[in-house]
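Chemist: Read off the chains here:
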Amino acid sequence: MYEFVSGPLVWIAFIIFIGGSLYKIYNMLSGAKKDITLFRHMSLKHSLASLVHWVIPFNNQYMQKRPIFTIVSFAFHICLILTPVFLLGHLVLLDESWNISWFNIPDKVADWMTIIVIAGCIFYLYRRLTDPVVKNVTDGSDYLLLAITALPFITGFIAYHQLFAYKTILIIHILAGEIMLIAIPFTRLSHMLFFVFTRALFGSEQGYWKHSKDW
Amino acid sequence: MKPTIAIREPVVDDLMDQTEKILTEEQIEKVINEVIDQETGVRLQTYVNTCIHCGLCSEACHWFLSNDRDVSFAPVTKVKDTIWVMLEKKGKVDAAFIKRCSQIAHTECNVCRRCGMYCPFGIDIAYMMLVVRRICAKLEMVPLYLQDTVNSHAATMNQMWVKPDEWIDTLQWQEEEAQGYVPSARLPLEKEGAEIMYSVIGPEPKFLAQLLGNITVIMKVAGLDWTMPATAGWDNSNMAMYSGDFEVMARVERLHHETAQRLKVKKIVMGECGHAFRGGEYDGPTWLGWMSPPIPIVHAVAFYYDLIKSGRIKIAKKVEGPVTVQYPCNIIRNAGLGSKLQYIMNAVCEDFVDLIPNDRHAYCCNAGGDTINCGPPWKKIRVQSAKIQSENFKRTGAHTIVTPCHNCHSGVEDIVDGYKLGMHVKFFSELLIEAMEIPEHLKPKEE
Ligand code: HEM
Ligand code: SF4
Ligand code: SF4
Ligand code: SF4
Chain A
1 MYEFVSGPLV
11 WIAFIIFIGG
21 SLYKIYNMLS
31 GAKKDITLFR
41 HMSLKHSLAS
51 LVHWVIPFNN
61 QYMQKRPIFT
71 IVSFAFHICL
81 ILTPVFLLGH
91 LVLLDESWNI
101 SWFNIPDKVA
111 DWMTIIVIAG
121 CIFYLYRRLT
131 DPVVKNVTDG
141 SDYLLLAITA
151 LPFITGFIAY
161 HQLFAYKTIL
171 IIHILAGEIM
181 LIAIPFTRLS
191 HMLFFVFTRA
201 LFGSEQGYWK
211 HSKDW
Chain B
1001 MKPTIAIREP
1011 VVDDLMDQTE
1021 KILTEEQIEK
1031 VINEVIDQET
1041 GVRLQTYVNT
1051 CIHCGLCSEA
1061 CHWFLSNDRD
1071 VSFAPVTKVK
1081 DTIWVMLEKK
1091 GKVDAAFIKR
1101 CSQIAHTECN
1111 VCRRCGMYCP
1121 FGIDIAYMML
1131 VVRRICAKLE
1141 MVPLYLQDTV
1151 NSHAATMNQM
1161 WVKPDEWIDT
1171 LQWQEEEAQG
1181 YVPSARLPLE
1191 KEGAEIMYSV
1201 IGPEPKFLAQ
1211 LLGNITVIMK
1221 VAGLDWTMPA
1231 TAGWDNSNMA
1241 MYSGDFEVMA
1251 RVERLHHETA
1261 QRLKVKKIVM
1271 GECGHAFRGG
1281 EYDGPTWLGW
1291 MSPPIPIVHA
1301 VAFYYDLIKS
1311 GRIKIAKKVE
1321 GPVTVQYPCN
1331 IIRNAGLGSK
1341 LQYIMNAVCE
1351 DFVDLIPNDR
1361 HAYCCNAGGD
1371 TINCGPPWKK
1381 IRVQSAKIQS
1391 ENFKRTGAHT
1401 IVTPCHNCHS
1411 GVEDIVDGYK
1421 LGMHVKFFSE
1431 LLIEAMEIPE
1441 HLKPKEE
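These protein sequences, in sequence, are chains A and B.
Using this note's numbering, the first residue of the first sequence is number 1, and each one after it goes up by one.
Using this note's numbering, the first residue of the second sequence is number 1001, and each one after it goes up by one.
Don't take each hint at face value.
What the hints assert, rightly or not - Below, a sample of chain B positions facing chain A; criterion: calculated Cβ distance under 8 angstroms:
| # | residue |
| --- | --- |
| 1 | Tyr1047 |
| 2 | Tyr1118 |
| 3 | Phe1121 |
| 4 | Met1291 |
Claimed, not checked - Each pair of labels, with its calculated beta carbon distance range:
| # | chain 1 | residue 1 | chain 2 | residue 2 | range |
| --- | --- | --- | --- | --- | --- |
| 5 | B | Met1001 | A | Ile36 | 26 to 36 angstroms |
| 6 | A | Tyr166 | B | Asp1068 | 45 to 55 angstroms |
| 7 | A | Tyr126 | B | Asn1033 | 35 to 45 angstroms |
| 8 | B | Ile1356 | A | Ile122 | 29 to 39 angstroms |
| 9 | A | Leu29 | B | Ala1006 | 29 to 39 angstroms |
| 10 | A | Ala165 | B | Asn1033 | 47 to 57 angstroms |
| 11 | B | Pro1444 | A | Ile36 | 49 to 59 angstroms |
| 12 | B | Ala1006 | A | Glu3 | 54 to 64 angstroms |
| 13 | A | Leu29 | B | Arg1262 | 32 to 42 angstroms |
| 14 | A | Phe74 | B | Asp1068 | 27 to 37 angstroms |
| 15 | A | Asp107 | B | Met1001 | 37 to 47 angstroms |
Please keep in mind that the hints were generated in silico from the structure rather than gathered at the bench.
Computed from a predicted structure; not experimentally measured.
We put the beta carbon where it would ideally sit given N, CA and C, even for glycine.
Given only the sequences and the hints, what does the whole structure look like? Please build it.
Modeler: Right under this line is the structure:
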């Protein structure tokens, strides 16, 4: 079992994740060509301006107005992406099978980053249950996405600390990571892929076409 | 997902009530799928698939904020209650649902695009509300008063059923009025090859003719070569753009631009109206595939900015006391004229008290995007939902609110009445005419 989930299944997950992502983006771009106005409203300069103002924390008025959310959101996403990529445990596996490796973050730090991701998920869950607007637009799929996001980190945390049933938890952890990768292109987690494009479009429309700004 | 609980007072709208009775589910399904497949494409799909349901956009919307944060007015809720259901059910919805869609998209959203600025993904909810309007318009589910203006556009090419002779009469009358101030002022009709074609919106000759007299004086004092058309094509307003009847919208915009081309002018200057600028500069040319207008369009705010900044018009006596302004979304957030508006306000007012939030972050007056044109049945909720902007006006302590947009003007008047603010509502040109210097040689000779 362990051999399967940590071997072929990893390959499958990455192929689906990368292939699916490319397919989704290709699909979007080729569809966008049909809308003759879309690209003509766009400009690289204004797309980048919009991205700069929305990927740097507190670089727009709205983020300044809601500091707690902004901090949670950035901490969550930064840890979410950096932890798995720079975790020593992952890099060791990579080194063993492919002989490549890169900078790793100390385990102690990675541990805290994992906790931040889990805490972020709890924060999002809390909002979903309590904020009336968010609650009203929530259904099962939103909880499922949160679970898909949180599970690799929760199980990773348990496995690292060897809290119980190490072998089983490890298998669940690997599976959960694979599910998350596969889910990204095909669920609303694809916001990771589309973020750049939706921002670029709105930034261009506001900046290039309408001579205003979107931050 | 559970349906949103939306509590509204019942509203009688004769056209919508009638349409609800006769619409069939086959018609509805066909139109929804047609519009979604042929007119929206990936843009809508990507928006819907990217929205993470975080609700951050709610903070942007004056409807939500003015109604004690009632969830049913939040931008994302408006999408949930319309587009999400249409997509999920693949168009299999009933007439009552379409009626509610029209209520949401036509009467409870100003397509002001503020929420787009507050969504971390830049998801343009106003665009989605226009898609809903498009579907409703194709099904003739449009508020009665709004549809009447669209019918007027279609039949007469102006918004207010103004007849050709009434139009010319009004211009000649206002030329005489202007000559009371500046005897040599002229309102030149049909002057081919003039530098500027000046165009206005339908309600100007109908209800606010003095504005035409004002511009006649301003043009004379500034020494400009201008003209107005005597034919249809003089009306730059476009309610069809908002109802969702884009075929009529395109006819109106095309005629407006072709009239300017026929007169061989260098540019079109338009009166103080926000949506007219949007139609002429953006939505019209986009739908027509021109992308940008064939002849440049200058909004009154940019026009006055140039006149004042260049010294063509000098200010003799600034307006006294605190004066504030409504930032019309369609020329500020969505056209970037905010700093020019601030400049001209400071130029003519001793004490210009700015709003908070201001410029592109300012709230909509809640009249725009057609909601005021939905008429009396929908007025109560509209004024009630402008509460947040009424508080902002009150805070300034101004005696006058300047509104460089016709919709804003009427909307802000309703706010002033509804919340008993006791403030005057004026167009910028009304302030300018009082503040500007009329050179000695242009003044009437003393008898
Ligand atoms: C670099 C790529 C990404 C960007 C730019 C991005 C951006 C965003 C933004 C703007 C939000 C809206 C709310 C907020 O600001 O927190 C959000 C929420 C969220 N994102 Fe991402 N994201 C990215 C990648 C990911 C990935 C890879 C995952 C998980 C697999 C993920 C999971 C989530 C979750 C769970 C939420 C919260 C949903 C909720 O409110 O329940 N994101 N993301
Ligand atoms: S476009 Fe304006 S009125 Fe409509 S939902 Fe967004 S903020 Fe509200
Ligand atoms: S802010 Fe954007 S992503 Fe969040 S609910 Fe609103 S539209 Fe969706
Ligand atoms: S009426 Fe005025 S404030 Fe309101 S949407 Fe138009 S331009 Fe905006």
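Chemist: Next, verify each hint and record whether it holds.
Modeler: Cross-check of the supplied hints:
1. Hint status for Tyr1047(B) relative to chain A: holds, with the closest Cβ pair at about 7 angstroms, below 8 angstroms.
2. Residue-level restraint check for Tyr1118(B) holds (minimum Cβ-Cβ distance to chain A is 5 angstroms; threshold 8 angstroms).
3. At about 5 angstroms, the closest approach between the beta carbon of Phe1121(B) and any beta carbon in chain A falls short of 8 angstroms, and the interface hint on this residue holds.
4. Checking Met1291(B) against chain A: minimum C-beta separation of about 5 angstroms stays under 8 angstroms; hint holds.
5. Judged by the Cβ atoms, the range 26 to 36 angstroms given for Met1001(B) and Ile36(A) holds: they are separated by roughly 34 angstroms.
6. Range check, Tyr166(A) to Asp1068(B): Cβ separation about 52 angstroms, and the 45 to 55 angstroms hint holds.
7. Between Tyr126(A) and Asn1033(B) the CB atoms are about 39 angstroms apart, so this pair conforms to the stated range of 35 to 45 angstroms.
8. Between Ile1356(B) and Ile122(A) the CB atoms are about 35 angstroms apart, so this pair conforms to the stated range of 29 to 39 angstroms.
9. Range check, Leu29(A) to Ala1006(B): about 37 angstroms between beta-carbon atoms, so the 29 to 39 angstroms window is met.
10. Between Ala165(A) and Asn1033(B) the C-beta distance comes to about 51 angstroms, which sits within the given range of 47 to 57 angstroms.
11. For Pro1444(B) paired with Ile36(A), a C-beta distance near 55 angstroms keeps the hint of 49 to 59 angstroms intact.
12. Checked against the given bound of 54 to 64 angstroms, the beta carbons of Ala1006(B) and Glu3(A), roughly 55 angstroms apart, stay inside it.
13. A beta carbon spacing of about 41 angstroms between Leu29(A) and Arg1262(B) agrees with the range 32 to 42 angstroms that was offered as a hint.
14. A hinted range of 27 to 37 angstroms holds for the C-beta pair Phe74(A) and Asp1068(B), which are about 31 angstroms apart.
15. Judged by the Cβ atoms, the range 37 to 47 angstroms given for Asp107(A) and Met1001(B) holds: they are separated by roughly 41 angstroms.
The structure is consistent with each of the numbered hints, conforming to all of them.
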